Amino acid sequence: MELIEAIILAVLAASTPLLIAATGELVTERSGVLNLGVEGMMIVGAACGFAGAWLTGSVFVGALFGIIAGTMMSLIFALMALGLAVNQVATGLALTILGVGLSGLIGAGFVGERITPAVHLAIPGLTDIPLVGRVLFGEDGFVYFSIALVVGVWWFLYRTRAGLILRACGDNHVSAHALGYPVLRIRTFAVMFGGACAGLAGAYLPLAYTPFFIPGMTAGRGWIALALVVFSSWRPGRLVIGAYLFGAVTILQLHAQGWGIGIPSQFMSALPYLATIIVLVLLSRARSGGSTAPAALGTVFVPDR
Amino acid sequence: MQLVLEKRAERSGTIALVSPLIAIGLTVVTMVILFAILGKNPLLALHAYFIAPLTDGYSLQEIAVKATPLVMIAIGLSLCYLANAWNIGAEGQFLIGAVAGSWIAVKTQGTDAGAWVLPAMLVLAAAAGALYALIPAICKVKFGASEILTSLMLVYVADLFLDYLVRGPWRDPNGFNFPTTAEFDPVATVPLLIEGGRLHLGSIIALLVVAAAAILLGRTIKGFEIRVVGAAPRAARFGGFNANQLIILTFAISGALAGLAGIIEVAGPVGHLQPGISPGYGFTAIIVAFLGRLNPLGILIAGLFLALTFIGGEQAQIAMKIPLDVTKVFQGILLFYVLACDSLILYRFKLSFPNRQVASGTH
Chain A
1 MELIEAIILA
11 VLAASTPLLI
21 AATGELVTER
31 SGVLNLGVEG
41 MMIVGAACGF
51 AGAWLTGSVF
61 VGALFGIIAG
71 TMMSLIFALM
81 ALGLAVNQVA
91 TGLALTILGV
101 GLSGLIGAGF
111 VGERITPAVH
121 LAIPGLTDIP
131 LVGRVLFGED
141 GFVYFSIALV
151 VGVWWFLYRT
161 RAGLILRACG
171 DNHVSAHALG
181 YPVLRIRTFA
191 VMFGGACAGL
201 AGAYLPLAYT
211 PFFIPGMTAG
221 RGWIALALVV
231 FSSWRPGRLV
241 IGAYLFGAVT
251 ILQLHAQGWG
261 IGIPSQFMSA
271 LPYLATIIVL
281 VLLSRARSGG
291 STAPAALGTV
301 FVPDR
Chain B
1001 MQLVLEKRAE
1011 RSGTIALVSP
1021 LIAIGLTVVT
1031 MVILFAILGK
1041 NPLLALHAYF
1051 IAPLTDGYSL
1061 QEIAVKATPL
1071 VMIAIGLSLC
1081 YLANAWNIGA
1091 EGQFLIGAVA
1101 GSWIAVKTQG
1111 TDAGAWVLPA
1121 MLVLAAAAGA
1131 LYALIPAICK
1141 VKFGASEILT
1151 SLMLVYVADL
1161 FLDYLVRGPW
1171 RDPNGFNFPT
1181 TAEFDPVATV
1191 PLLIEGGRLH
1201 LGSIIALLVV
1211 AAAAILLGRT
1221 IKGFEIRVVG
1231 AAPRAARFGG
1241 FNANQLIILT
1251 FAISGALAGL
1261 AGIIEVAGPV
1271 GHLQPGISPG
1281 YGFTAIIVAF
1291 LGRLNPLGIL
1301 IAGLFLALTF
1311 IGGEQAQIAM
1321 KIPLDVTKVF
1331 QGILLFYVLA
1341 CDSLILYRFK
1351 LSFPNRQVAS
1361 GTH
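Residue numbers (our numbering), protein chains in the order written: chain A, 1 to 305; chain B, 1001 to 1363.
One or more hints might be untrue.
[As the list claims (entries may be wrong)] EDC-like mimics (lysine to aspartate or glutamate), calculated; alpha carbons at most 20 Å apart, straight line:
| hint | chain 1 | residue 1 | chain 2 | residue 2 |
| --- | --- | --- | --- | --- |
| 1 | B | K1350 | A | D128 |
| 2 | B | K1040 | B | E1225 |
| 3 | B | K1107 | B | E1010 |
| 4 | B | K1007 | A | E5 |
| 5 | B | K1107 | B | D1056 |
[Unchecked claim] Sample of chain B residues at the chain A side, in silico, Cβ under 7 Å:
| hint | residue |
| --- | --- |
| 6 | L1005 |
| 7 | W1086 |
| 8 | T1150 |
| 9 | I1205 |
| 10 | L1208 |
| 11 | F1241 |
| 12 | L1335 |
Don't read these hints as lab results, they were simulated from the structure.
A quick note: this is a predicted structure, and the numbers were derived from the prediction, not measured.
All residues carry an ideal CB built from backbone N, CA and C; glycine is no exception.
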């Protein structure tokens, strides 16, 4: 029982950064912009988040620092890809390369330092319920926030006028523009939202997952978040399933290493990456009839005024 | 006030030539600001980065050594990008090439194997790199899976595989438990061009690759097809060019070149297989490809320039305690400016003042 509870808790913790980052990117992509710089925004968010928490002693301030850092990174992307109509794939790669360097620079002074990680909820009575108590009532704030975030994004995309307009920009920017919607401004906001989420997801790692900062600690999670958006067919509900599945793969391979199965640890560590490839192939194949991606995803739009 | 882009009637040839230079200039200005923020003397730092490495023979050789893998990988990537196929996993193909070639070196260690060893290593590394690159290419062509994500995921897999080999079966028994293979035998080592120097045969191979790419793109029908498929996919379809076949081809070539670069690095400057053989060559090569305008000669120059930043970064770290990560920041900023300046080739930037236009209309 205790082991099962521990595994569920670990899966939730491993899934949360993926879920937050992927939710942000989903909104960005729904507006028609492909920002491949999630990894770069995340790693800068991790460095700035840790710096904020270490300087002020507050995890909340750290999370804010992460959000601000991610948003500022995404603004560079918006200026390039939307303002100057540069190829989005290349710009996203540049953002990741820049982010890896910046985070090393910012985080260099903090390697080896520790902070008090985010506190977990504790409601007397409820949290002590066996098996489900800690899973439901004993998580840190990020986990609850990530659920609220997905629900909020679902509500925004499918139940509000603004969400409909955002999706219209992603499906056909020429029509949206002709109807008088400010396509580039809407996309800029969507990119900023994606950046804020990526920054927060990055900050989660040193603030809650491990209480210290290591250079390169995102370890490809930004890229896996991008794959999750494809996995979800650009739908928030499926994103939750995907994120928790990937969290489960990550945790299972860690546990399998502990059980001493005769498989070298490196092969187990490669599992999440291999799983990503397999899932991408299976899904893309199943969808051969027609793509569910936003029709204008990744295309350049220059308004003709 | 608003920034507005206006499409040029035709692409500007002048700007196409000077845009990399503008980008480098803007990057240097940004770096001066960054150095000032870090509390370092910007002029001394710039000197350490860009001038000092050019003043002694050892550093000059070292630049050529660093440029060798960058140029070879970037040439392959440029073919992919021209064909609009996004291989960003060259780092993984580099590592797999290094592993495959090292296999022969490790197996023939201490035997009396002859001069065939090094050529066999090069061939096997290129083949392995090509096969590894074909995984994302085939996933793309057959199943429509994003080659960007799959090729990137395979970088992590290759990294872990190499790690497993040098910590497990291939570890040097006399290596004090360090994760490395034994030093390669002389027959498994890339020969030096100057006795006692650093420059090795790999640099010559890189120059041959540049020449071959220039011929492929400029003088052959395949090269023409690659450029048309990327620049005008509809025209290419009408022309009967097979886009999928070109994705496979360009991925295979770029994987082979990355793999070759990998074994040359291991059997050359490094001398044995160990983790961390690449300071991110596969990713820096993306910058080289764009800075070089996806043109073979441009890539050669861009590769030398980025190699200079690697060496300059090391010298600035030793002389002025400037963190090595500054080099990565520099490279990232450079790519941004290159892409932004490239936008000038197709568009004209204009500042528009919407309110004033309305006002002048009423007069």
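We went through each hint and held it up to the structure:
{"no.": "1", "hint": "K1350/B / D128/A", "in the structure": "64 Å, violated"}
{"no.": "2", "hint": "K1040/B / E1225/B", "in the structure": "50 Å, violated"}
{"no.": "3", "hint": "K1107/B / E1010/B", "in the structure": "57 Å, violated"}
{"no.": "4", "hint": "K1007/B / E5/A", "in the structure": "59 Å, violated"}
{"no.": "5", "hint": "K1107/B / D1056/B", "in the structure": "39 Å, violated"}
{"no.": "6", "hint": "L1005", "in the structure": "5 Å, holds"}
{"no.": "7", "hint": "W1086", "in the structure": "6 Å, holds"}
{"no.": "8", "hint": "T1150", "in the structure": "5 Å, holds"}
{"no.": "9", "hint": "I1205", "in the structure": "26 Å, violated"}
{"no.": "10", "hint": "L1208", "in the structure": "28 Å, violated"}
{"no.": "11", "hint": "F1241", "in the structure": "21 Å, violated"}
{"no.": "12", "hint": "L1335", "in the structure": "4 Å, holds"}
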